[in-house]
Amino acid sequence: MYRIGTYKETDRMSDLICENYSMLLVMSRFGIALGFGDRTIGEVCRAAGVDTRTFLAVVNLVLSGEGAPAADLAFSVASLIDYLHNSHDYFLDFRLPGIRSELAGALGGGDISVAILRYFDEYVAEVQRHMRYEEEVVFPYVRALVAGGRAEGYSIGIFRRQHDQVEARLTELRDIIIRYYPGGSTNELNAALFDIFSCAHDLAAHNRVEDELFVPAIEALERKERGRKP
Amino acid sequence: MSRTLRIAVAEPSLIVRSGLVAVLQGLPGFNIQIVEIGDVAQIGVSLCRQRPDLLIVNPSLVGASAPGRLRGEAGCSRLRCVALLYALADSALLKEYDETITVFDTAEQVRDKLLRLAADSGEEPRQEALSAREKEIIVGVVRGLTNKQIAEQLCLSAHTVITHRRNIAAKLQIHSPAGLTIYAIVNKLVELNEVKDTIVDER
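Just so you know, the sequences run in chain order A and B. For the first sequence, numbering that gives the first Met the number 0 assigns the number 0 to the initial residue and increments by one for each residue that follows. For the second sequence, numbering that gives the first Met the number 0 assigns the number 0 to the initial residue and increments by one for each residue that follows.
By construction, these hints were calculated from the structure, which means they are not laboratory data.
Computed list of lysine to any residue pairs in SDA-like fashion (alpha-carbon distance at most 20 angstroms, straight line): (1) B:Lys187 / A:Arg117; (2) B:Lys134 / A:Tyr180; (3) B:Lys134 / A:Tyr179; (4) B:Lys94 / B:Arg68; (5) B:Lys187 / A:Tyr180; (6) B:Lys170 / A:Pro181; (7) B:Lys187 / A:Ile177; (8) A:Lys7 / A:Cys17; (9) B:Lys170 / A:Thr170; (10) A:Lys223 / A:Ala77; (11) B:Lys187 / A:Gly183.
Work out the full structure, taking the sequences as your base and the hints as a guide.
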């Protein structure tokens, strides 16, 4: 037996998490704590002051495979921005530094280790640039748009066109280590690789939320705004 | 045959798409990776990103000239296009397609068609070994030289250097200078102290 279909607010939160443990990440980025007992997704969200539709939109998008029909855009953009912001913090302040120290420990010293860490640091700098741009340019623009104003000289189309796959160079590093690393495989190195695999997966999911929920919702807002101002 | 065949299935009907994917996944002797495209407008973008070997699509959705156009858009000239037919179709519509699969095909028929296509696409021999020239170019790149400087040093044209770099990227599956640095150090092409701290990617 396996589950078919999307999650609804009447489903139990514990079922969602136990059936898809990666949703722990989504939950905590929305600021929802553990210990929710048997309560439903809707009840847990309301108790935590989280917009249920936004939570479900992210959950159902991340769980859906490629080629799923376009997501329902009836959610709170402000709430989604909070979520994206917390995801950025998670990657920059927790996930990537964690992988770096795992790699450093697993590789020991030596020239190869220096070269790999240098690659990793360049990659992190790239992710930082990518996310800082969203925080400093895109989110303020969208907040102004939600508040009813429209910042001139920017549109979400600019973001959509230049939004690249932020995980691409992380998977390249992973493949280089797998194909060319000369030392034996150790438990420590395996653990670092496992985390790189899962982090690349998380980053790809993060990008999908931006490309398939965030951008279309902002485009809809922009269309509405244009309609109002002749 | 164990080579991975990457197949994109572009079909808006969830039921038809899922059915076809289920048939493909059940084919014995194939190692298949699937990309599902539900939104026909996304085909070009998806092909660019995923670079499959094969695209299966209903020609009435994308048109008779779609194979050539999509190959151009996606920049993969080797992409094979298979027409997915629900019903009888005019052969003029199918001229540009490499093969047709109908919704009434048996798994056996689908398998034979895929086998033929996979053979056609002529598995490129994997050339992993780098030439001496390519190694020299890697050394230049990781030392932080520009293509022009590398060209001057090796008495080549800048154009040739760029071609070499493209071949290196294809052979090693490494696309960034920082990645080449790791490769060069692992393979003792350079010492760490010869490597430039930050390498500007000018490709």
